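J.: Residue numbers (our numbering), protein chains in the order written: chain A, 88 to 445; chain B, 88 to 445; chain C, 88 to 445; chain D, 88 to 445.
You may find that some hints are simply not true.
As the list makes no split between identical chains, a pair holds if one copy fits it or if it spans any two.
[To be verified] Quick list of in silico lysine to aspartate or glutamate cross-link-like pairs, DMTMM-like style, CA-CA up to 25 angstroms:
1) K210 to E238
2) K274 to E357
3) K105 to D296
4) K216 to E188
5) K150 to E294
6) K274 to D405
7) K158 to E440
8) K245 to D222
9) K246 to D227
10) K358 to D331
11) K156 to E382
If you are wondering where the hints come from, they were derived from the structure by calculation, not from laboratory data. Values in this document were obtained by computation on a predicted structure and should not be read as measured data.
Number of protein chains: 4
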Amino acid sequence: MRGKLFDRLEGKEMKTKKVAVIGASGYSGEELVRLLLNHPHAELVAVTSRQNAGQTLAQVFPKFASHPKSKTLRFSEPKAGLLAKQADVVFLALPHGVAAEYAVPLLDTGLVIIDLSADFRLKSAESYKEFYAHDHPAPDLLPKAVYGLPEIYREQIKKASLVASPGCYPTSILLPVIPLLKAGLVKSAGIIADSLSGVSGAGRKVEADYLFCECNESVRAYAVPKHRHLSEIEEQLSLAAGSDVTIQFTPHLIPVNRGILTTLYLAPAEKLTGGKISACYATAYGQEPFVRLLEGDSLPDTKNVTGTNVIEIAWRLDPRTGRLIVMSAEDNLIKGASGQAVQSLNLRCGFPETAGLV
Amino acid sequence: MRGKLFDRLEGKEMKTKKVAVIGASGYSGEELVRLLLNHPHAELVAVTSRQNAGQTLAQVFPKFASHPKSKTLRFSEPKAGLLAKQADVVFLALPHGVAAEYAVPLLDTGLVIIDLSADFRLKSAESYKEFYAHDHPAPDLLPKAVYGLPEIYREQIKKASLVASPGCYPTSILLPVIPLLKAGLVKSAGIIADSLSGVSGAGRKVEADYLFCECNESVRAYAVPKHRHLSEIEEQLSLAAGSDVTIQFTPHLIPVNRGILTTLYLAPAEKLTGGKISACYATAYGQEPFVRLLEGDSLPDTKNVTGTNVIEIAWRLDPRTGRLIVMSAEDNLIKGASGQAVQSLNLRCGFPETAGLV
Amino acid sequence: MRGKLFDRLEGKEMKTKKVAVIGASGYSGEELVRLLLNHPHAELVAVTSRQNAGQTLAQVFPKFASHPKSKTLRFSEPKAGLLAKQADVVFLALPHGVAAEYAVPLLDTGLVIIDLSADFRLKSAESYKEFYAHDHPAPDLLPKAVYGLPEIYREQIKKASLVASPGCYPTSILLPVIPLLKAGLVKSAGIIADSLSGVSGAGRKVEADYLFCECNESVRAYAVPKHRHLSEIEEQLSLAAGSDVTIQFTPHLIPVNRGILTTLYLAPAEKLTGGKISACYATAYGQEPFVRLLEGDSLPDTKNVTGTNVIEIAWRLDPRTGRLIVMSAEDNLIKGASGQAVQSLNLRCGFPETAGLV
Amino acid sequence: MRGKLFDRLEGKEMKTKKVAVIGASGYSGEELVRLLLNHPHAELVAVTSRQNAGQTLAQVFPKFASHPKSKTLRFSEPKAGLLAKQADVVFLALPHGVAAEYAVPLLDTGLVIIDLSADFRLKSAESYKEFYAHDHPAPDLLPKAVYGLPEIYREQIKKASLVASPGCYPTSILLPVIPLLKAGLVKSAGIIADSLSGVSGAGRKVEADYLFCECNESVRAYAVPKHRHLSEIEEQLSLAAGSDVTIQFTPHLIPVNRGILTTLYLAPAEKLTGGKISACYATAYGQEPFVRLLEGDSLPDTKNVTGTNVIEIAWRLDPRTGRLIVMSAEDNLIKGASGQAVQSLNLRCGFPETAGLV
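So that you can see chain A by itself, here it is in the shape it has in the complex:
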């Protein structure tokens, strides 16, 4: 099957693509809309949201009200047939379980789908059921989906009709760990990931736990010891290691709007030196536009990445314990969600990978 986008792209110069966002009322959806409104090669032609249907972008997101399109583009009800006529690429910013329902008919029309939910991130429908507590709504599509981590799956994304954009925590863990595992520099057993996330990671859920007074001047772990994101983290790490990987993952909620800081504890394989680690990361990410390898005394700080699609990575080899500590910082809504999805858009459409992201 060749989608209509592929046909259109063939043999043509960089041309604006029409994009739509389904479920654009959450924080990731909002950030995605912001990025697409300012993208040099994408034209946002439709945004859908049941709760906001009929309202303009300016009404729903006052911060976009100065954009010329904000007063004309209105939220509509999501209808597959209509979207197929309007758009070349459709982003799904929907809850898991719901996203798959929309993906099926849209894929049938030949559209390219970039899904920000968890629905197509796993290869295993069993694992999905274990972690998401319901049967996978469209297991047949799982083999077709490409995991949208551009630094790892760049070539596959370029040809994908269904991109499963990674979760925010997984991105902050996979990018630092995968090169080390692939190079055999660390053991695949005993990995610990301790992550701190800003409150926007919970989405725009109107629940008491996320009220200002419940989060401000508060820090707490949650979903210990089995957070849903473990499923995709472990599946990807297992692919990198070539064997089953089980990790320890503890997410914490901290009072910032945005940002994830992850501290990783890894057991080196024998005779690991700093030089090998540096070389490994330089090879993996030295040319990557969105991975910043810190040098000298610098350590990742979320304030240096929020608002950008960059992930910062630094490491320390501890001579006292023999352990390797790796830290990463990213904006959970950008590199951890919408920015990464736009990066996939750029790859898929043949745009410069950094288009609309710097």
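Assemble chains B, C and D onto chain A, guided by the hints.
T.: Frame of chain A, contents of chains B, C and D only:
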């Protein structure tokens, strides 16, 4: 040597003790002053600070200005002889290195000293030099000092002339881990402590790193992999385990005023069950007024302990990894510093242990 | 009518009173419970809340879990008859409209009521209807209610069977302005009050506007130009001035948990001098335990009053504009709500006015 | 005198201009660097800072480290002669008093200067001395300087050799008030401006007042009643009114990184209607790319403008008091400083006014 306090206490009913605070201008000192101003059995007779000498409490700490004593009690220059005449117990809230200088002459006059600095927390002067980068100023006193963690050293504190009140991070780590090590429920190797601290933990240092705009909307690790507090943590854990313990410790700075949340990763000894852990903690802390063992789904949250001398502890045994996760939350300035020091005061003077702390 | 409390108090030494809190699940109710649990002369015998009925205090408010009573005292359904048997004084921490329904039967049983809602703050049922958009549920009780601002109505509160505890914004405005109006130092026309409130002022409402990410890094005015609190502010200012007063009031929401800062703009009556203002405030509040008149360069700062029942007041006479600027700072949940209600309890029961509040 | 820039521009298509920033180490300087690095028609050729001389942009500002230029562009010592050879336009991001010293020799070389300090904002050297407490360092230049508020002085900025970019508070006050004064809709007497500013407004000053723990959970007024910005606000309002204007201005510090919210209290001239106000603002700003006139129930919120060069304005006519309330929100570092300076750059160089700002 029997100090004058001991003589005075003997055979008497609970009687007000006169206390002084040396170096009362930092956040811990301020919190200590607050606790002592409201203590039912302590009378604050002197506060010293070079930078604030001559000013009243009300001028330096506007928030105490409604306390009757705030307009009459003035900061003075710290002079050992004078303090010895005024006070029964002296608290040192000074930087490491400086505290020891004051402690020596004050101890000679027979006063009881409760030191909030790191100067007397270690038994080993070598370890002090390794971690604090200078020779210990008074190594002869090290064997006399009692580590002021009341839940562990209650009986020793009752008789101590020199109490070394623990650091904030160590308190958050030692209280959860010591009972498990003593009971042999966890291995002493491979312990990881990942801690998140509010900015007051850095003290009232006027440095760019602690400016509002540098901390707000920011999260970062620091002092990786060898923070100074490792020295006292490892010395105390080694005592509990009966063998040398080396741990991994990663402190992070998060944008709250107060609070430390520590997440601990521990390897169970064979056949560990939830029942054994519960029983271990219940035995160790079931009657402790300032340790709250969480039950059910509850996890520690700094907002539930800030402003109090309580430490919250909860744990999860992870069937997937076989690891034990323990979490604790405390107010770094109270249970992690000034409140714990007052708890030692209460023990030493024969006051109810909770006096002035609830 | 003489209530049973009055009978019990007569001719007796200070004796513990039994108190109940109806509607103890919001932030004000929680703070009230905290104060009453630690009150030396009050015994908390009942807390009610429909949504939490059956749960213990410890389950609903983890931060109180170390208090001995927290595991035995359970939330019950609010029933007037039962409460009448249990308590001497009942606090109502309920929404306006609902509070009055509970007040009527409880008053009939002879209990003393301290109401934290807006239901009995106004003398005028017409004004109530104008600002609260429904008929007053019990207009006959309005003349009996005493406005619970102790610094102004101390003697009346001592004898009241129904105390209407003031709103948070009104407290921050009335205490600074009333003495000036009574002394004729400022004009009653043209008063402007510009107030900044922490998010807890909105209560524990689970609404999108109060989510962390909507409040953090945000500042906004709201309810411009006619906030409900105007009704009680203007009624009280009119009483002080002896003529009708209409003011401008603009509340703003700022990202702190607690605290109200109010900046007042006043037109001096002729020949106003700084000496007269100082003298006026010294006369009004010089002996008040909970009013702190700032001197020198100091200006009110919410961080110096949060956690206390104190209101800070400072003023500046501007020679350039001829205007008087008065600023106040308070904790909206304590002096602006629960602390002030306990202050009324103390007055009503003959306890020291500061009992349980320092 | 015709500067070299003007010569170069004449008769040419839009061409990249070389720009330099002197004093680029504060928050405004950093934001200016960020904007210029991403400006489509400006090339940042030099940044100077005594404290950072020799370091690269990436070392000083980790958040720019992914920009290709960040590792090659180094901070230098500021030298007029050198800058004149390198740049067409020089931005001064220096403290008042210091900026003028640099401006004089640079102007002599024919460069265009855009000054972000207060040094050239006033026409009156006497007023400068009154508010800044020292003689003006270059009073002869005052008549040549153009006040860089593009919405008011667009045509003058296009031809200016010295642009005095407005202060953050003044921008938030002048844009809402000037059109009303010019149209005679409000009285020039009795204007009150109550402003709330994020902490970055204080610059990167390493002072105790701006430490995280002193600002977080704190709100306070400062510089009451005579803040320095009054001088430029009143000079500009007087020009708009055609007569001397004296206003009341109260700045407050609130715990956000960025954003100013100003609430203005104005006395309408006779028979003011909402229609007239709407029409006045629509005429003044209906076509302005960076002024957003809010409609319906919307009120300004700093979170909707931070990160942008937009100022939001809304108003309410209060039938109870007869007063007009106008509110504005802006990012103090962008529309209140660096963004506005870039807006002036665009005007002066003939670039699209929004270049690099959307």
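J.: Compare the structure with each hint and give your call.
T.: Each hint tested on the structure:
Taking the shortest alpha-carbon separations for K210 and E238, only the intra-copy value of 19 angstroms comes in at or below 25 angstroms, while the best inter-copy value is 50 angstroms. Taking the shortest alpha-carbon separations for K274 and E357, both the intra-copy value of 9 angstroms and the inter-copy value of 23 angstroms come in at or below 25 angstroms. Proximity of K105 and D296 under a CA criterion of 25 angstroms is satisfied in neither setting, with 38 angstroms inside one chain copy and 33 angstroms between copies. When the C-alpha separation of K216 and E188 is checked against a cutoff of 25 angstroms, the pair qualifies only within one copy, where the shortest distance is 16 angstroms, while the shortest distance between copies is 50 angstroms.
Proximity of K150 and E294 under a CA criterion of 25 angstroms is satisfied in both settings, with 23 angstroms inside one chain copy and 20 angstroms between copies. In this assembly of identical chains, K274 and D405 lie within 25 angstroms of each other by CA distance both inside one copy and across copies; the values are 16 angstroms within and 20 angstroms between. Proximity of K158 to E440 under the C-alpha cut-off of 25 angstroms is restricted to the inter-copy arrangement: shortest distance 21 angstroms between copies versus 29 angstroms within a copy. When the C-alpha separation of K245 and D222 is checked against a cutoff of 25 angstroms, the pair qualifies neither within a copy, at 29 angstroms, nor between copies, at 62 angstroms.
Within a single copy, K246 and D227 get their C-alpha atoms as close as 19 angstroms, which meets the 25 angstroms cut-off; across copies the closest is 66 angstroms, which misses it. In this homomeric assembly, K358 and D331 come within 25 angstroms of each other (Cα to Cα) both inside a single copy, at 23 angstroms, and across copies, at 24 angstroms. For the identical chains of this complex, K156 and E382 are inter-copy neighbours only, at 17 angstroms across copies versus 42 angstroms inside a copy, given an alpha-carbon limit of 25 angstroms.
Consistency note: the structure conflicts with the earlier hints numbered 3, 8.
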